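**Q** Protein sequence lines correspond, in order, to chains A and B.
Under the working numbering, the first residue of the first sequence carries the number 9, and numbering increases by one thereafter.
Under the working numbering, the first residue of the second sequence carries the number 9, and numbering increases by one thereafter.
By construction, these hints were calculated from the structure, which means they are not laboratory data.
Note that this is a predicted model, so its numbers are computed, not measured.
For every residue, glycine included, the Cβ atom is placed at its ideal position computed from N, Cα and C.
Watch out, some of these pointers could steer you wrong.
Computed footprint of chain A on chain B, listed as stretches where at least three residues anywhere in the stretch have a Cβ under 8 Å from a Cβ of chain A [what the hints assert, rightly or not]:
hint : stretch
1    : 82–89
2    : 92–104
3    : 233–243
4    : 252–261
5    : 288–300
6    : 369–379
Number of protein chains: 2
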Amino acid sequence: MDTEDPRAIPGGDDLPGLQQWLAEHQPYVIADELARIDAVDAVVAFRLLDKERALAVFEELEPVDQQRILLGLRDHVFRDLVEEMDPDDRARMLGEAPAKVAKRVLAGLSANERRMTAALLGYPEGSVGRVMTPETVNVSPDMSAEVALGVVRSKGADAETVYTLPVLDAGRRLTGVVKLRELLLSPSGHRVAELIDPDVPHAHVTDDAEAAARLMRETNILGLPVVDSEDRLVGLLTIDDAVELIEAADTEDAARQAGAAPWAGHYMSTGVWQLARSRAVWLLLLIVAATLTVNVLQVFEATLAEVTALALFVPLLVGTGGNAGAQAATAAVRAMAVGEVRGSDLVRVVWREGRVGLLLGVMLATVGMVVAALLVDGRIALVVAISLVAICTWATTVGATMPLLAKRLRIDPAVVSAPMVTTLVDATGLIIYFVTAQLVLGL
Amino acid sequence: MDTEDPRAIPGGDDLPGLQQWLAEHQPYVIADELARIDAVDAVVAFRLLDKERALAVFEELEPVDQQRILLGLRDHVFRDLVEEMDPDDRARMLGEAPAKVAKRVLAGLSANERRMTAALLGYPEGSVGRVMTPETVNVSPDMSAEVALGVVRSKGADAETVYTLPVLDAGRRLTGVVKLRELLLSPSGHRVAELIDPDVPHAHVTDDAEAAARLMRETNILGLPVVDSEDRLVGLLTIDDAVELIEAADTEDAARQAGAAPWAGHYMSTGVWQLARSRAVWLLLLIVAATLTVNVLQVFEATLAEVTALALFVPLLVGTGGNAGAQAATAAVRAMAVGEVRGSDLVRVVWREGRVGLLLGVMLATVGMVVAALLVDGRIALVVAISLVAICTWATTVGATMPLLAKRLRIDPAVVSAPMVTTLVDATGLIIYFVTAQLVLGL
């Protein structure tokens, strides 16, 4: 049933086929395939690449995959590769690497490259300092456009980008940014000071990297200057790194939303044990929390024994409550991630989602009542309908509120996963259901 | 309890305060706030902006919010704004606009701008043709670097980007791309042909826009040339548009994963009815599907009546199965979205996830057995433990398989939501539980 994938890399035992495949594919395709196969095969394939292509492929790999490859290389190849990397990519890789890899990498670097990498590694994990490039091309406000272009020509080769040029005063303090485009298109005789974009935002080096990346998305800029506590320029976050940050953050949020810990690395080459571990913690916590539902049912065991038909609707009710709560929680988490909802919106969000939940509850109650009336009887149907309205309103409100409360408590809102809301709503939903049953059926 | 938000915009009744606030904030902050408040207030604030800032703010708004503003403006302001937009931004806004807005917009355009916008609107929705910019600066292979720079200087003002320059042959066919950086840094005397980047990918105009954006992320490029069926250049996808596509696609996937339809627009200004509508369809489908659980329980009603203690563990078991299934489904959907898993990986994914589910099931069974033994008795505990292993393995496998099957059937894998997997696993999980109970307890 498996269709042959035209992109798939040949195995390491077919060296001529492998060599031909490597020659025929672009670096990013090769990087993609190397990430999917096991470490030994990946190293075999990597060694067949000539120096220039090896570097191009290496740059496309994720940090964990770069480590897998590095461990299998001989010293001089290893050193060349690491020396050629951009300082920020190197810091990113080292930040996640085991100590023995990190040591070997730093030992192989020239003094200047080591200094830059170590500086980046000094900033807190998750900060923009870790992911910025320290190699920028800077100009000063009193330069003419021609002189500034000359600076780009002479210093541009080492920098990761030359499209965003920080403008610094005599004290290395950031006064603004000039775009290469403006420099190039300006009529001759203009000074940098006249071309500065006054509205370009900047970040502080300890700011959250994801927030900085989202700010770049929002303002459509290609480079975000990064400054220290004295407003002195220390680097630049480039758009290609920002896109990776956004995609990685969304991948993490997706995992968290389903109640799993995010893991670094390619899905296909991540081990079964590691996948299980990333999911086990939450599942175990949730099953312990779910014993609450057993307790609730024990409290109402007499009611349940008297009207066993009530048991029939338990999965339907807790399932529906869980779904409504998960929808609201996911919407709130995402709206906060992209900056549409802030912690201070709590009251407005509760008021909105409460009404959404009530509307949905009324719709669902209509369906639930018909189903219950057809399958059991009218009085149970009434209990189910009333419970659905109450559970839905409650679940939607709780689901939307929890991420906002988390934010206020300075917890990542994405930790409020759909399964967490579901489990919480399960137990409370059962209480709503059985209390309604006792009231309506007069038990 | 609400903390005062320093960014919040003053109401429309406080005109001086509003004016001062507008003067003090950057365009992207103003755009953010306008999207959060109601349409009338937003238009009032927008009209207070001077022409240049109004345009800057307008460009930062999402298409739906742009429409809200446009509807409240007088004709000449309206025409100026629309004429100044980039053709791709205009097409994006029009693609989602009601007919009366679209007509008014197109009527106000100059012939050239109208022609470009109409051309973009001719491409299928969701295609890269809709979001590319048609205004590119092209060079030819036999130009010298100096001549090519001259072309950038003379034609760059109209183009959305000048950093990626498509290289075209005499027949307007794409032969490669040269980066402005290479042109600027090359030693004098070089020809464009020597500076072409041979490895830069391109897209066809009808290709999926999200896939094109992810390709740009993967290859770290700032511009992706877009060609027609005869390899002739028709436009360029720029990185800032690609970032927006990725973020929007991730927002849509997040909504779908929770079983809600994605909606366009800002969370805080979306109406309660619209939010409810986006979630109602799936909730209604799922509650109908959940009647299956009622049927299953009816089949086992005799067993349930005989051992009422079995009912106590129903929410815990279906909840845990649902959580495990949702984790696996979310991981598979995300891995497919970022291109790590393909339709052809089906068998490998089933084999991996089956083992992950078994591992998780064994862990959970240990906890479940202790809980059940403490709360009820040893024989029920055995039933719960065996069921947990089986349900977990089954749920994880089903959860990971469904998105891949969807892909094979050419359905968007993100449609396989966590609630959908949960509901499916609920009914089958109950069957596993009661059959296990009958076997172990000899009922």
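**Q** Could you work out which of the previously given hints the structure breaks and list their numbers from low to high?
**A** 1, 2, 3
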